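Assemble the complex: chain G is given as a structure, and chain W must be docked to it using the hints.
Listed below, chain by chain, are the residues.
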Amino acid sequence: MLHSILTLVASLVGVVLAPVYDGLERKLRAAIHTRIGPPVLQTWYDLVKLFSKELVIPEGGTWCVLTLALEITALVASIALLNYIPLVTIPGVVGVEVAAFIALLTVATALTMVRAVAQNNVYSVVGGFREFTLALSSEPFLVFSYLALVAGGERPVFRISSLLILTICAYVLSSRIPYDIAEAEPELSAGVNIELAGPLLGVATMSTVLRRFLAAELTALALVSTAGFWSYQALVLSLALTPAVWVVHALVSILLGRTRVDVGPRTLLLTLFPLSVVTITIYGLGL
Amino acid sequence: MTESVSKLIEELKRLGGRVEEVKDREVYLVVGRDNLRSLAKALYSTGAYLKTCAGVDERQVQGVLSIYYIFGLDELGVDVVLRVPVTEDDAKIPTIVLEVPAADWCELEARDMVGVEITGRPVRRLVLPEDWPEGIHPLRKDFDYSARPPRRFRSELPEEVGVPLGPYHPALHEPEYFELYVDGEKVVDVVYRGFHVHRGIEKLAESPRFTYKQIPFLAERICGICGFVHSSCYVMAVERAAGIEVPERAEFIRSIVLEVERLHSHLLWLGVAAHLLGYDVGFMHAWRIREHVMVLAEYLTGSRKTYGINIIGGVRRDLNVDKLDRILKTLAKVREEFVKLVEVMLSVPQIKLRASGTGILSRSEARALSVVGPVARASGLYRDIRKDYPYFAYREVSFKVPLYTEGDNLARVLVRVEEVLESIEIIKQLVDKLPGGPVAVESWDVPPYRRAVAAIEAPRGEDVHFIITGVGKPYRWRVRAPTYQNIPALRAMLRGASLADAPLTIASIDPCFSCTDRLVVYDLRTGSRRVLRIAGGVSACPL
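Protein chains in written order, with the working numbering: chain G, 9 to 295; chain W, 3 to 545.
Just chain G, with the same shape it has in the complex (with noise of 0.2 Å):
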């Protein structure tokens, strides 16, 4: 119960400050600018004016709403989920709580797909495309990773090559540049979102900010785990870590440039599957 309590805390507490972070991101993006920038909290407001606005169905409403709706909870679970997982798994085992974790992330995955296919406009169509393009280049080794950085024990050079590998993933997984392929506003004119609007796209922008907390949340876990931390401990230090990690992602993604659909996921690929082959036989090596 204790637990239960705990992680519903966390993951508000989460879903609350994600956007706060977000503003802190577009803060930090002006001040390099040389901009102002917006307020801190203008994710905030700009959430709160979205969903006053008069709600308008997109061509290919129902899924489309059904898949934006799923999505979202798919990510507020898998944010519970990853909170909830070191309260009450013992580290090197792998149960039914990690299981569920890797489903709800692939499936949101999944779900921005069909959302983009079931909106009926070529560039989201196209967007939904590269979204795929991108996942099978990455999450597969996400998977492996925290998996790896899960049940893999007592093995330090083996969990410091996972928790490379998850770090990696993990930045794809927050679609920042260079890997903000499937909205690529030049390009593609917000591909997957091209047509929401209001309060759907609301739901959107906060599906993108959840997966970027997501994402900084689960980099800042395997950095506590690995350092040693599991259960209370792991949980708040990786809450207090995650937006340094968030500020990382968002230094990074401001100093480079968006990749090209078919560099991007070689690029990934190139790196990923050595670096797994390589993560492998370390764990052979017993090390």
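What the hints contain is simulated information worked out from the structure, not anything from laboratory work.
Remember, it's a predicted structure, so these values are computed and weren't measured experimentally.
Please note: incorrect hints may appear among the correct ones.
[Stated by the list, open to error] To give an idea of the interface, some chain G residues facing chain W are shown, with a C-beta separation under 8 Å as derived from the structure:
1) Leu36
2) Ile40
3) Arg43
4) Ile185
5) Pro186
6) Pro194
7) Glu195
8) Leu259
9) Arg268
10) Val269
11) Val271
We put the CB at the ideal spot given by N, CA and C, even for glycine.
Below, chain W without anything else, positioned relative to chain G:
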């Protein structure tokens, strides 16, 4: 006139051309339509570029309709103008597109605007809108500027409404319309349709409300970025036609302001290119540096843009010691910050990777299409009007013309980057050598029916103005902006390219379309109209 030019004229005479007028920089020949293709071919094979062609209604003065084909011999610094007259009853001229592919658009424009039929090629409307009535040609002298012909509405909505903006939005916030036909993410073909907001500026200049003195201010409004180029080119055309000797100091001031304009234009473009590649840090800092130039422009001319200092015979504003000092200080700051920015920008992996090897325009294609400016120079064509046809004070300064042979987007970036640095050096030299004296002639007169071609190296390439003088205002004023010459090259640059590279490739010619884009469809059944925006949405608005 050099020996080479004399030989060329003899050759053109042998092919059927008749010399009408020979000037220092221009040779005018009359050509019968039967000989046009052979003359065009001969000129093109000697290395001439087609600058543009212009349909002219000369019925009031010569009883004919004419098309003027303006060829530039860059190496000799001479323009050869072929005039092909035809009678109104038999207004047909054979196409030269097979010999000179660059004539594609200007032939169609002459057909639309003056009503000379072009034979031997497929024709379509280029400039006139769909609903413009048949048989009405706006640049004929008997068509009054204020006339508004009845629109030819369709009784049913056109089928194009179904796919109004093509399968792809190339993201430039101007009224361009590209249909990119894609196979997966690979572009297999490109169709461009432009002139959505054709403003009829050439016709406007013929209206009673305009005189020679007022047109510089109209010309400056042709472009929202490099308007000073157009006013300079216009005044140069009039001054050449009328034989007006402009004071040297005025020529220096014009050159300084032209280079200031190039600086802000290239910085603007660099920022846009960075934005298209998702590198907004580059975008913001390029525009921050540009702001120094904009403030300088305001200090020198009174305006950040649309300077309004060009008048026929000189300029309206002089430069004093304070201004010269401010120029040098600003340039030092801009140079320092720009060098740092470029160093950082080109070290961003995505910028270099995505610009290299994409949007390639080969030298032969660039030559065939007579492309201009940085697009030509990035494809290995040594073309720069400032060197080839020195004007104003450019003959007094030394500078390098950046040249690359790769023909890709990166080459076009690098050409512009180097041009920024060259412009800074040019301005420094001009400031250093600025002569004394007046900045405008006291009086001038423009005799009627004189002709002149003027060209200026705009930031986007060669800007051409052709003028036939009239009484109190031009009889015919033809404007050919550089983008007009470069857009047809996009087809070659985009075919086979990745869809993701299309925005940068389109932007790499630094296109200058026009202002607000919208395509209005009238529905006669409901009396409403729909505005189709380029971003793909359809919004309803009241009439």
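Hint check:
1. Leu36: Check failed: Cβ of Leu36(G) comes no nearer than 12 Å to chain W, outside 8 Å.
2. Ile40: holds, 6 Å
3. Arg43: holds, 7 Å
4. Ile185: Interface hint status for Ile185(G): holds (5 Å vs cutoff 8 Å).
5. Pro186: holds, 6 Å
6. Pro194: With a closest approach of 4 Å, the Pro194(G) hint holds.
7. Glu195: holds, 6 Å
8. Leu259: Violated, because the Cβ-Cβ distance from Leu259(G) to chain W comes to roughly 11 Å (cut-off 8 Å).
9. Arg268: Because about 5 Å separates Arg268(G) from the closest Cβ in chain W, which is inside the 8 Å limit, the hint holds.
10. Val269: Because about 5 Å separates Val269(G) from the closest Cβ in chain W, which is inside the 8 Å limit, the hint holds.
11. Val271: holds, 7 Å
Checked against the numbered hints given earlier, the structure breaks hints 1 and 8 and satisfies all the rest.
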